[in-house]
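These protein sequence lines are chains U and P, in that order.
Residues in the first sequence are numbered consecutively from 1, following my numbering.
Residues in the second sequence are numbered consecutively from 1, following my numbering.
Read the hints as simulated data drawn from the structure, not as lab findings.
Even for Gly, the Cβ is constructed at its ideal location relative to N, Cα and C.
Be a bit skeptical, because a hint or two may be false.
[Said to hold, decoys possible] Pairwise CB distance ranges (calculated):
| no. | chain 1 | residue 1 | chain 2 | residue 2 | range |
| --- | --- | --- | --- | --- | --- |
| 1 | P | I114 | U | Q229 | 43 to 53 Å |
| 2 | P | V64 | U | K293 | 52 to 62 Å |
| 3 | U | R417 | P | Y289 | 48 to 58 Å |
| 4 | U | S5 | P | F154 | 53 to 63 Å |
| 5 | P | K313 | U | L55 | 53 to 63 Å |
| 6 | P | I267 | U | L201 | 33 to 43 Å |
| 7 | U | R417 | P | W98 | 19 to 29 Å |
| 8 | P | F115 | U | Q213 | 54 to 64 Å |
| 9 | P | V64 | U | G228 | 56 to 66 Å |
| 10 | P | L282 | U | R13 | 40 to 50 Å |
| 11 | P | V148 | U | K3 | 44 to 54 Å |
| 12 | P | Q235 | U | G372 | 52 to 62 Å |
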Amino acid sequence: MIKKSFIGLVKPRIDYTVLTDLDPALIEVSKPSQIKLLLESPLDRGNGDLKKGDLLKTGQLVTTAKDIYATSPVTGTVSDLSGWAGDFGRNFTAITMDVAKDEEYDEQFSDIAKEISLESAIRYLSAVPGSPPLKNFKHPDVDIHTIIVNGMDEDIAVTTNQYVVQSRLKALKSGIAAVGKFTGINSIVLVAPERLAAMALAAGIEVKVVGSQYPMAQPKMIIKNLFGQVVPAGKKPENLGYCFISAEAVASIGTAMDTGKIPTDKILTLIRKDGSTTLVSVRIGTPVSEVFKACDITINDKDQVIFGGPLTGSAIYSEDHPILSDTNAIMIQDKDNVPLSSEYPCVNCGECVRICPARMQVNMIVRLLEPGHYEEAENNYDLNSCIECGLCSFVCVAKIPIFQYIRLAKYELDRIRLAEAEHV
Amino acid sequence: MYSQKKLIVSHAPFIHDGSRVPTRNYHILLAALPAVLMGLFQYGIPAVAVVALSVSSAILWELVINVLRKSEKTIGDGNAAVIGLVFAMLLPATVPWWFVITGTFFAVVVGQQIFGGIGSNPFNPVVLGALILFIGWKDYFDFNVALVNFDFGFDAIYPLTALKSFGAAGTQGFTPGDLLMAKQTGGIGSTFGLGLVLGGIYLIIRGFIRWEISLSFLAGVVITALIFNVVNPDQYAGPMFHLFTGYTLIGAFFLAPEDSSSPVNFIPMLIYGLVGGFMTILIRNIGAYVDGVLFAILLINLLAPIFEKIRPKALGKVD
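Can you build the whole structure from these sequences, using the hints too?
If you want it as structure tokens, here you go:
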């Protein structure tokens with residue numbers, strides 16, 4: 001895809017794909033016969049009132065545990081409830097639904113939409129396409145003062161949010177108004193690449209322009225470069241009062257408020273084996289194999305399917321994996337192009353140190369993380385400054401899975417801390 | 001719908017820029033070739049023998065360690081070949097076979113493998129190996145003795161010995177042009193200044209060595225030599241002489257920037273190079289040895305972790 005240039009002296013520059021096509025093709029995947037909804041609560045914590053055979057209408061509220069909400073993207077019957085294991089120890093309840101032919105909308109939301117409170121917004125709108133982190137507005141420890149609507153995508157080659165800004169500006173605008181209303185926050189800023197920012201500005205939306213160099217659109221980099229503040233290591237943007245919502249999520253909220261119907265179709269960027277991309281619109285919960293069918297893609301044994309972009313995504317292990325409300329991209333990689341990591345030691349070439357946007361001592365960190373000295377890496381070498389862009393692994397001459405080591409270390413440290421807190 | 005294909009599940013990032021360790025090493029070998037070929041041309045068959053034996057024995061030593069440690073065979077990555085070749089470039093063409101094999105043993109086994117192999121050596125293995133031999137068998141490194149039987153058609157006294165013995169007056173026969181074009185005696189691959197500079201520039205442009213180290217090392221040599229020269233022009237040679245004689249250029253482009261033993265942050269790299277250049281001239285001008293490059297590099301290798309403490313503030317670092 002991107003290779004080291006002949007002149008290795010200059011630091012490699014990787015750019016986001018900026019949407020230039022004024023009217024890109026959008027493939028619409030037809031409604032599947034079966035869908036799966038994933039709710040982040042372990043199956044053994046109970047299913048609320050949900051049981052097999054329940055009939056759910058489109059847009060009906062689904063809840064399995066306290067504070068875990070989704071809305072049904074289809075009309076159909078619950079055929080199975082099972083456990084589903086995600087990355088890094090995350091546990092989900094998978095609700096399988098047989099999709100009925102005729103769509104029937106749940107009426108409840110259209111009444112609520114007229115005068116929506118933050119509580120009902122959290123319930124009904126947390127799982128709209130784009131997955132807005134609305135719970136942040138009720139979190140006791142954070143005090144949000146600015147909402148940043150991210151019109152740029154989190155990874156290279158992905159253009160999902162840019163497409164939404166371009167094609168659904170009206171919905172975006174009413175979404176911004178709605179979010180402002182139910183959160184009571186007036187400072188809402190759209191961040192987008194130059195051309196789209198100009199478009200949004202003309203439509204009367206407050207905007208800031210983000211550069212196209214990766215990882216400038218990463219939340220911590222946006223706060224640093226566009227808002228002039230630095231998020232302290234180990235803290236989140238929310239701790240400084242900034243909440244990021246994707247442009248797609250805001251547009252979905254806008255559509256929901258305008259029409260009284262909760263949107264069910266997710267926009268995503270499909271990155272094919274040859275690197276070309278297509279925009280796809282698909283019902284949430286659709287198995288990924290249906291997307292491949294609609295786009296004429298054959299998956300062979302040992303190919304890799306990735307949810308997310310080439311630098312930060314995560315691979316899935318089954319074609320039955322459903323599209324989630326935050327699946328912004330699907331990347332398919334031929335088995336011959338999978339860059340497997342090696343067991344080679346670090347040779348201290350310094351490429352990672354030079355490319356690290358967080359200015360971390362990656363060469364030292366990798367020496368500590370390989371034998372599992374996570375706390376030392378955190379205390380002495382700024383492990384928590386990492387913004388998780390993946391560039392260190394991308395340039396590693398020894399092909400060390402540095403990025404994976406860092407994510408694992410953060411996860412393990414969180415786990416240790418959690419265990420310690422429970423035993424105090 | 002439930003047809004199960006087996007998918008690869010690896011982790012992010014899913015792309016890589018394609019750089020590899022062997023590529024780096026093979027390009028270093030390539031960059032060293034002009035200087036080595038000139039040495040072979042100048043010193044003939046004895047030099048060919050030394051270079052061939054040095055490269056092959058270095059590779060064999062690494063293979064021996066691979067076998068003893070029951071680890072993967074790593075000799076294909078070019079690392080041992082680089083050590084062997086650069087080591088040979090430092091030697092006079094006339095050294096005996098056992099000298100070469102002992103040297104590569106110290107370089108590869110003692111200098112690198114016992115520390116854990118590539119990437120783990122605190123010192124440049126070539127410098128360490130060469131210095132152990134230099135201290136143990138000093139006479140073999142005396143270029144005036146070693147090359148006494150050659151007829152070069154130019155002044156065959158080792159330039160740095162001339163300086164040490166006769167002061168600046170002894171250096172008058174050497175012009176920078178002659179020195180650059182290998183009209184001086186010295187190690188097989190360390191006398192052809194132009195070739196070393198070209199190789200070094202190639203490595204810098206391709207990003208295989210760090211320009212900050214090479215340039216600051218040369219700057220350290222020039223600045224320190226200039227100060228000495230200005231203070232006492234009769235006794236101390238000028239910066240140009242120091243730049244193109246002895247191991248200065250091979251040190252700047254092939255020894256000091258060795259990955260594992262050098263710093264990677266900007267300011268530490270500059271200090272590392274400057275101190276190296278400074279110590280080189282200090283040893284040459286007022287120290288006990290004729291050339292100071294090897295000792296200077298060993299010293300900056302030792303200091304590198306301390307220099308490396310000067311590092312940029314990480315994003316969002318809380319003091």
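Tested hints:
Distance hint check: the CB atoms of I114/P and Q229/U are about 49 Å apart, consistent with the given range 43 to 53 Å. Look at V64/P against K293/U: about 57 Å separates their beta carbons, and that is inside 52 to 62 Å. Look at R417/U against Y289/P: about 55 Å separates their beta carbons, and that is inside 48 to 58 Å. Distance hint check for S5/U and F154/P: the Cβ-Cβ separation is about 42 Å, which falls outside the suggested range of 53 to 63 Å.
For the hinted restraint 53 to 63 Å between K313/P and L55/U, the CB-CB distance of approximately 58 Å keeps it satisfied. Here the CB-CB span from I267/P to L201/U is close to 42 Å, well matched to the stated 33 to 43 Å. Taken as a hint, the range 19 to 29 Å is violated for the pair R417/U and W98/P, whose Cβ atoms sit roughly 59 Å apart. Between F115/P and Q213/U the beta carbons are some 38 Å apart, a value that contradicts the proposed interval 54 to 64 Å.
Our hint of 56 to 66 Å for V64/P and G228/U holds, since their Cβ atoms are close to 59 Å apart. Our hint of 40 to 50 Å for L282/P and R13/U holds, since their Cβ atoms are close to 41 Å apart. Against the hinted window of 44 to 54 Å, the Cβ-Cβ separation of V148/P and K3/U comes to about 52 Å, which satisfies the hint. At roughly 57 Å, the beta carbons of Q235/P and G372/U sit within the given window of 52 to 62 Å.
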